[in-house]
Amino acid sequence: MTFVSEWKKHDFSQISESIKTKKKSDVVRALSHVRTGLSLDDLAALLSIAAEPYLEEMAQLSHQLTVERFGKTMQLYAPMYLTNICANVCTYCGFSAQNKIPRKALTDSEILAEADVLKAHGFEHVLLVTGESSRYGAEYIANAMRLLRPRFSSLSMEVQPLEQKEYAYLTENGLNSVLVYQETYDPVVYPKYHLKGPKSDIEYRLETPDRLGKAGVKKIGLGALYGLSDWRAESWYIGLHLRYLEKTYWKTKYSLSFPRLRPHEGSKIEVTHFDERCLVQAACAFRLFSQELELSLSTREGIEFRNNAYRLGFTSMSAGSKTNPGGYASDMDSLEQFAIDDERSPLEVASFLKSAGYDAVWKDWDSTYDGQAPVLSIAK
Amino acid sequence: MNSKPLVIHGVSFSSRLFVGTGKYSSSDMMRDSIVATGSEMVTVALRRVRTGGQDDDILSKLDTKKYRLLPNTSGVRDAKEAILAAELAREALQTNWLKLEIHPDPKYLMPDPIETLIATKELVKRGFVVLPYVHADPVLCKQLEEAGAAAVMPLGAPIGSNRGLESRVFLEIIISQSCVPVVIDAGLGAPSHAAAALEMGADAVLVNTAIAAARDPVAMGEAFKKAVKAGRLGFEAGLSGAKVSASATSPLTSFLSSGTS
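In order, the protein sequences belong to chains A and B. Per our numbering, the first sequence starts with residue 16, numbered consecutively. Per our numbering, the second sequence starts with residue -2, numbered consecutively.
Note that these hints are calculated values from the structure, not bench results. Some hints could be false.
[Said to hold, decoys possible] Calculated cross-link-like contacts (lysine-lysine; reagent style PhoX-like; alpha-carbon spacing at most 20 Å):
(1) A/Lys283 / A/Lys207
(2) A/Lys180 / A/Lys233
(3) B/Lys20 / B/Lys77
(4) B/Lys118 / B/Lys139
(5) A/Lys234 / B/Lys1
(6) B/Lys77 / B/Lys118
(7) A/Lys24 / B/Lys1
(8) A/Lys268 / A/Lys229
(9) A/Lys262 / B/Lys139
(10) A/Lys211 / A/Lys283
(11) A/Lys23 / A/Lys262
(12) A/Lys268 / A/Lys234
(13) A/Lys229 / A/Lys180
(14) A/Lys262 / A/Lys233
(15) A/Lys229 / B/Lys77
(16) A/Lys262 / A/Lys24
(17) B/Lys77 / A/Lys266
(18) A/Lys234 / A/Lys266
(19) B/Lys223 / B/Lys1
(20) B/Lys139 / A/Lys268
(21) A/Lys233 / B/Lys139
[Stated by the list, open to error] Computed footprint of chain A on chain B, listed as stretches where at least three residues anywhere in the stretch have a Cβ under 8 Å from a Cβ of chain A:
(22) 166 to 176
(23) 229 to 238
The C-beta atom is built at its ideal place from N, Cα and C for all residues, glycine as well.
Work out the full structure, taking the sequences as your base and the hints as a guide.
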């Protein structure tokens, strides 16, 4: 059994409609369950229009619960784009196969050059990112992991969905966690955005976290790309997915990100409503739904927003990100996947957090926990 | 309103109250009390059953068309003994359902978590439908679920103690993360304890001492029947929790531009 059978029990448009019927009393009841645990029905109430007048109360509770569980800390990480080569045609993405942009896959020496820059900034947690291609698949990523593993305390990746045995193989090579966004749980909308390539198979993508769980990957990151369908129903499905995974792969940790569509090279597409207020509502609803869930705040968001939203439930943020392969060190002009809004350096972000009474956490893991030989000293 | 039936290993139960057969003053009293509880699953200690073919004073009183028998291994001290007892129970009672209980300690009858996990793995391989009796240990319950247990039966308090849901905080965790039914077993001393267990989301309860040792076991059986129904109905109806208030700091959302949705 996988999540697909759970997903098929519900109808996206019906869920969307039922969230619209939530009333003030449903929101109040949901808020009364914060200490004992929220049901999926409670989550629906907190995602509804009826919850909008309760946003400040949700934010206060979210802040309080997050500080209780995580303290006033913020984990910092950086993405490292290894390649922008991609076989998929996804109408919203800058790496889409039909886009005529310079394509690049980093060589070993280029990967190490990127690592040097990130290391100099102080990063210990690095997220490896690729497009989707068979040539730059598991073996290419495993090689990058072997190169980077002695240099960083945690390696995660956001790459194409892989097979269970490939995840197990990468875990042996030092992989700690995997982010795989569903993009949309809406079966009507999904094929409209994912025109060609392996990604057009929605069920294979829906089952990816199951393969990750079975392979023993320690942390799984979920998310939807907001802007493709109804954000309220999308978020509810993430809650459904999370609950299913927590029960089934109970040794795994989970994290959640809130990517939303930003300007990019490629076709102009219609974007559904999801503004900053919605993002805050979704993040707070998830914090009340799950106190241990890690919530990530993207560099896709602006400085003003990040400087206010960081204490609403988020536990990690990227800083100084480059979304083009080689962007940190070698090749400054290959094309980026999406535009970054917060262009502050990692140090500036850390200083801001410090001034706000938060500790910027650079290292919160160790490669020995991922079965790697201890690295007691490493030349800079 | 009919509440949702409980399903264990594909078998549906309309009553969420399981009962025992021990400690009654007579087998007629046992029969009448069990009828009053409305229960459909009755646990029987294998050691009490005459397995040599003679008429048994417990089994002969129970209409096995109405009740599913759940033999238990009470008395065994380790996995090896439990497996032998299970095989005997399967043959003698013609059922592969088993309440696995292993308590090496004769004083408090505390279940042995290590031997229980070992025995569960082996019994599942041998085709048993295993319902292990365990401490309210959330990790153990997940391990048992992975080992193939059909349900888990964590204790509310020491067996026979009538102390109620002493392990509540751990039971809540078990209930929230279990993929198999959670049957709270042992320690429930009053109908209100059973109602509270169902209210918090337990799938069923198993009660013996509180009914068998009551002044009027038949009346107490009926009281438990009603309590279990009320508790389940309350759970399904959606309880409201206590109001939680945030300790307000300065406004956190005033930076958002208002009224865009």
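Under the constraints set out in the numbered hints, which ones does this structure not fulfil? Per hint list: 3, 5, 15, 17 violated.
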